[in-house]
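Enquirer: Start from the sequences, fold in the hints, and give me the full structure.
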Amino acid sequence: MIPLHYILFLSTALFFIGMYGLFTRRNIITILMSVELILNSVNINFIAFNKYLYPDRLEGLFFSLFIIAIAAAEAAVAIAIIINLYRNIRSVDVESADDMKF
Amino acid sequence: MPNTAYILLILLLPVFGFALLGLFGRRYTRGFSGVIGTALLFVSTLCALYVAYKYFSGNTGMPALRHTYTLFEAAWLSFGPDLSINMGVLIDPISAMMIVVVTVISLMVHVFSLGYMKGEERYSTYYAFLGLFTFSMLGLVLSSNIFETYIFWELVGVSSFLLIGFYYDRPTAVAAAKKAFIVTRFADLGFLIGILILSFQAHTLDFGRLINNLSSFEHSPFTEPPVFLGLPLVDWGLILVFIGGAGKSALFPLHIWLPDAMEGPTPVSALIHAATMVVAGVYLVARLYPLFTLTLDVQQVVLYVGAISALLAAVIACTQTDIKRVLAYSTMSQIGYMMFALGTYRLFPPSLVDPKIGFIGSMFHLFTHAFFKALLFLCAGVIIHLVHSNEMKDMGGLRKQLPLAHICFLIACLAISGIPPFSGFFSKEEILSAAWRADRFIYTIALFTSGLTAFYMFRLYFSVFWNKPATGHPHAQPLVESIPLVILAIGAAFAGFIPFSHLLIVGGHPSVHSSIGLNAVPPVLIALLGIGIAAWLYYKQSDRPQKAAAAFRGLYTAAYHKFYIDELYLFVTKKIIFNCIGRPAAWIDRNIVDGLMNGLATATARISATIKGIQSGRVQDYAWFFFVGIAGLAILFIYIVK
Numbered sequence: 236m237i238p239l240h241y242i243l244f245l246s247t248a249l250f251f252i253g254m255y256g257l258f259t260r261r262n263i264i265t266i267l268m269s270v271e272l273i274l275n276s277v278n279i280n281f282i283a284f285n286k287y288l289y290p291d292r293l294e295g296l297f298f299s300l301f302i303i304a305i306a307a308a309e310a311a312v313a314i315a316i317i318i319n320l321y322r323n324i325r326s327v328d329v330e331s332a333d334d335m336k337f
Numbered sequence: 178m179p180n181t182a183y184i185l186l187i188l189l190l191p192v193f194g195f196a197l198l199g200l201f202g203r204r205y206t207r208g209f210s211g212v213i214g215t216a217l218l219f220v221s222t223l224c225a226l227y228v229a230y231k232y233f234s235g236n237t238g239m240p241a242l243r244h245t246y247t248l249f250e251a252a253w254l255s256f257g258p259d260l261s262i263n264m265g266v267l268i269d270p271i272s273a274m275m276i277v278v279v280t281v282i283s284l285m286v287h288v289f290s291l292g293y294m295k296g297e298e299r300y301s302t303y304y305a306f307l308g309l310f311t312f313s314m315l316g317l318v319l320s321s322n323i324f325e326t327y328i329f330w331e332l333v334g335v336s337s338f339l340l341i342g343f344y345y346d347r348p349t350a351v352a353a354a355k356k357a358f359i360v361t362r363f364a365d366l367g368f369l370i371g372i373l374i375l376s377f378q379a380h381t382l383d384f385g386r387l388i389n390n391l392s393s394f395e396h397s398p399f400t401e402p403p404v405f406l407g408l409p410l411v412d413w414g415l416i417l418v419f420i421g422g423a424g425k426s427a428l429f430p431l432h433i434w435l436p437d438a439m440e441g442p443t444p445v446s447a448l449i450h451a452a453t454m455v456v457a458g459v460y461l462v463a464r465l466y467p468l469f470t471l472t473l474d475v476q477q478v479v480l481y482v483g484a485i486s487a488l489l490a491a492v493i494a495c496t497q498t499d500i501k502r503v504l505a506y507s508t509m510s511q512i513g514y515m516m517f518a519l520g521t522y523r524l525f526p527p528s529l530v531d532p533k534i535g536f537i538g539s540m541f542h543l544f545t546h547a548f549f550k551a552l553l554f555l556c557a558g559v560i561i562h563l564v565h566s567n568e569m570k571d572m573g574g575l576r577k578q579l580p581l582a583h584i585c586f587l588i589a590c591l592a593i594s595g596i597p598p599f600s601g602f603f604s605k606e607e608i609l610s611a612a613w614r615a616d617r618f619i620y621t622i623a624l625f626t627s628g629l630t631a632f633y634m635f636r637l638y639f640s641v642f643w644n645k646p647a648t649g650h651p652h653a654q655p656l657v658e659s660i661p662l663v664i665l666a667i668g669a670a671f672a673g674f675i676p677f678s679h680l681l682i683v684g685g686h687p688s689v690h691s692s693i694g695l696n697a698v699p700p701v702l703i704a705l706l707g708i709g710i711a712a713w714l715y716y717k718q719s720d721r722p723q724k725a726a727a728a729f730r731g732l733y734t735a736a737y738h739k740f741y742i743d744e745l746y747l748f749v750t751k752k753i754i755f756n757c758i759g760r761p762a763a764w765i766d767r768n769i770v771d772g773l774m775n776g777l778a779t780a781t782a783r784i785s786a787t788i789k790g791i792q793s794g795r796v797q798d799y800a801w802f803f804f805v806g807i808a809g810l811a812i813l814f815i816y817i818v819k
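From first to last, the protein sequence lines stand for chains W and F.
According to our numbering, the residues represented by the first sequence are 236 to 337, in order.
According to our numbering, the residues represented by the second sequence are 178 to 819, in order.
Think of the hints as simulated: they come from the structure by calculation, not from any bench.
Just so you know, these numbers come straight off a predicted model, no measurement behind them.
Keep in mind that the hints are not guaranteed to be accurate.
Unchecked claim - For the chain F half of the interface with chain W, some residues (derived, Cβ under 10 Å), not all of them: (1) I784; (2) S785; (3) W801.
Claimed, not checked - These stretches of chain W come out as covered by chain F in the derived footprint (C-beta under 8 Å, 3 or more residues): (4) 254 to 263; (5) 297 to 309.
Backbone N, C-alpha and C fix where the C-beta goes; we use that ideal spot for every residue, glycine too.
Expert: Laid out in structure tokens, this is it:
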């Protein structure tokens with residue numbers, strides 16, 4: 236059986252890849268994809284802990300199912316916002332959407 | 178008195194009229210407002226007359242002993258077991274007399290205004306204000322508690338303010354209303370402090386118990402009354418209450434608002450500033466008469482303030498040229514008469530059987546004065562409507578054009594001058610005989626004032642109705658303006674025959690009616706002399722008035738400028754109070770109070786200006802802050818706070 240810390244390394248790597256994408260990408264769709272990576276790293280953590288620490292229980296599995304559902308809803312809302320943003324400023328670059336400031 | 182609910186009607190009908198006309202008058206009842214107000218007041222007057230009739234005829238067998246009834250008493254504000262402000266209705270001889278005076282004069286003014294104020298833009302508002310005033314004045318005279326009196330006292334002040342400033346588009350009227358309000362409010366401060374001192378001493382606010390407690394307090398040989406600056410505290414309280422009364426009654430030196438108050442509509446001057454409101458101070462002193470007669474010091478304050486006001490106002494009245502101002506000063510002079518009559522009690526020789534003669538004279542004069550002064554003002558209103566000017570020089574020879582006003586004016590002038598058998602003769606005679614028995618110096622002043630009164634009233638009469646050749650035809654006068662004149666003229670002529678001294682005593686001995694005999698000769702003679710001089714100067718146009726003025730140039734100029742009392746007030750307020758108190762206070766307000774607030778605002782603005790760069794508008798920056806914050810919190814709670 237694969238040791239637990241292998242899986243935790245994987246999820247940590249996935250989390251920081253998502254972080255990197257979130258801070259460095261300029262395209263808002265890429266940023267959305269980075270957020271999905273972060274959420275999935277969390278899902279992996281939930282499943283791993285459930286499997287390795289409490290194999291006779293199901294809370295971790297249910298939690299990740301909820302997160303997947305919410306991520307799907309979030310993606311729908313985010314894409315709707317992005318479409319509106321594009322209609323308004325003809326761009327999906329976050330640098331160009333900086334009207335809301337002092 | 179069983180079934181006394183109709184007494185409340187006297188009070189409630191005018192205030193109902195006020196509410197009705199004030200709320201709906203302008204929109205719904207425009208043309209009828211006057212009729213509605215007058216009808217309500219008419220019912221109220223009937224009730225008042227009925228109450229007075231029942232009261233004064235109740236025990237004819239014993240004319241001396243009249244009870245004091247307190248009706249409808251209810252605790253309004255209770256401070257503790259022994260001190261509460263009660264609302265009640267008090268019926269005793271003077272309040273029964275006053276409700277008759279107030280309702281009758283007010284009714285006459287209501288009726289007169291139907292014609293006089295017709296076509297005014299704010300006709301309903303005018304009647305609403307008149308209703309408010311009548312209600313407050315009736316409440317003032319009927320209240321059973323000194324604090325209740327104070328509440329109505331202020332209401333009277335407010336309605337007076339509203340009516341003086343009725344023509345609010347005239348700057349002079351606005352200034353006059355403001356002046357009247359400020360001066361009387363200033364005096365009312367004294368009244369309030371006086372009430373607090375008296376109630377603190379007596380542990381009650383109720384009139385009956387207040388008088389009882391304080392009188393027994395004063396007479397007790399075992400307790401030393403508390404003293405402040407050489408005078409007993411009770412005396413200070415009474416003097417402060419008297420200041421309040423002097424402000425409302427326009428006595429020297431708080432009289433400056435009354436002549437200016439003539440900016441209001443003339444019927445209002447007749448009602449408020451001649452017959453009813455300005456005698457509130459006299460009424461207050463009469464209400465607390467057993468207390469005001471306790472010590473000589475308080476009596477002398479009342480006596481001298483009254484006498485000085487009477488004389489000073491009479492001198493000023495001789496030189497004024499505005500018809501309403503002459504009447505205003507004459508009002509002030511007559512109120513001075515009433516007031517000093519109330520101050521004679523302690524000066525009587527102990528042998529005198531009836532020391533209440535001053536009190537009776539004062540109330541009697543209040544009663545008759547209400548009739549002839551209201552009549553004079555209403556006549557002045559008729560004259561002013563015809564001439565469209567207040568100045569005496571624009572009038573003259575009006576006897577053909579205004580025959581009715583001429584007769585009425587003459588009756589009123591004879592009454593105020595004290596010519597028998599008109600009403601003023603009897604009441605003035607009572608006051609003068611009180612003065613004669615009390616103090617010869619005061620008697621001299623009173624006698625001289627009486628001569629001056631005759632002089633200036635007939636100066637007015639001759640300048641308005643004679644002086645120039647009479648021309649023109651009788652001026653058509655509406656019936657609603659004539660009827661009040663006739664009724665008031667009847668009152669002014671015959672009110673003197675009411676046996677007043679039999680009516681006024683509460684629980685005392687019947688007064689020996691002062692037999693009018695030889696002592697009536699000097700006042701009548703001096704009044705006739707005054708009339709003679711007035712006729713010699715003003716009967717025909719001549720240069721005699723100018724010569725007479727030149728002969729007394731110093732006195733004339735001083736009196737013409739009202740002895741510079743207004744200027745003195747202006748000097749004190751503008752130069753001394755504004756410079757020494759107002760300006761430093763303004764400086765503190767502008768620099769210290771405002772500075773503190775402005776400093777706070779500036780600091781906030783600076784700080785926000787320096788840190789607003791954080792809000793860059795870039796989403797990823799915010800994500801960074803968020804991440805750093807979460808990471809910081811995680812480190813904090815995992816490694817540092819265990």
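Enquirer: Tell me, in ascending order, the numbers of any earlier hints that this structure violates.
Expert: 1, 5
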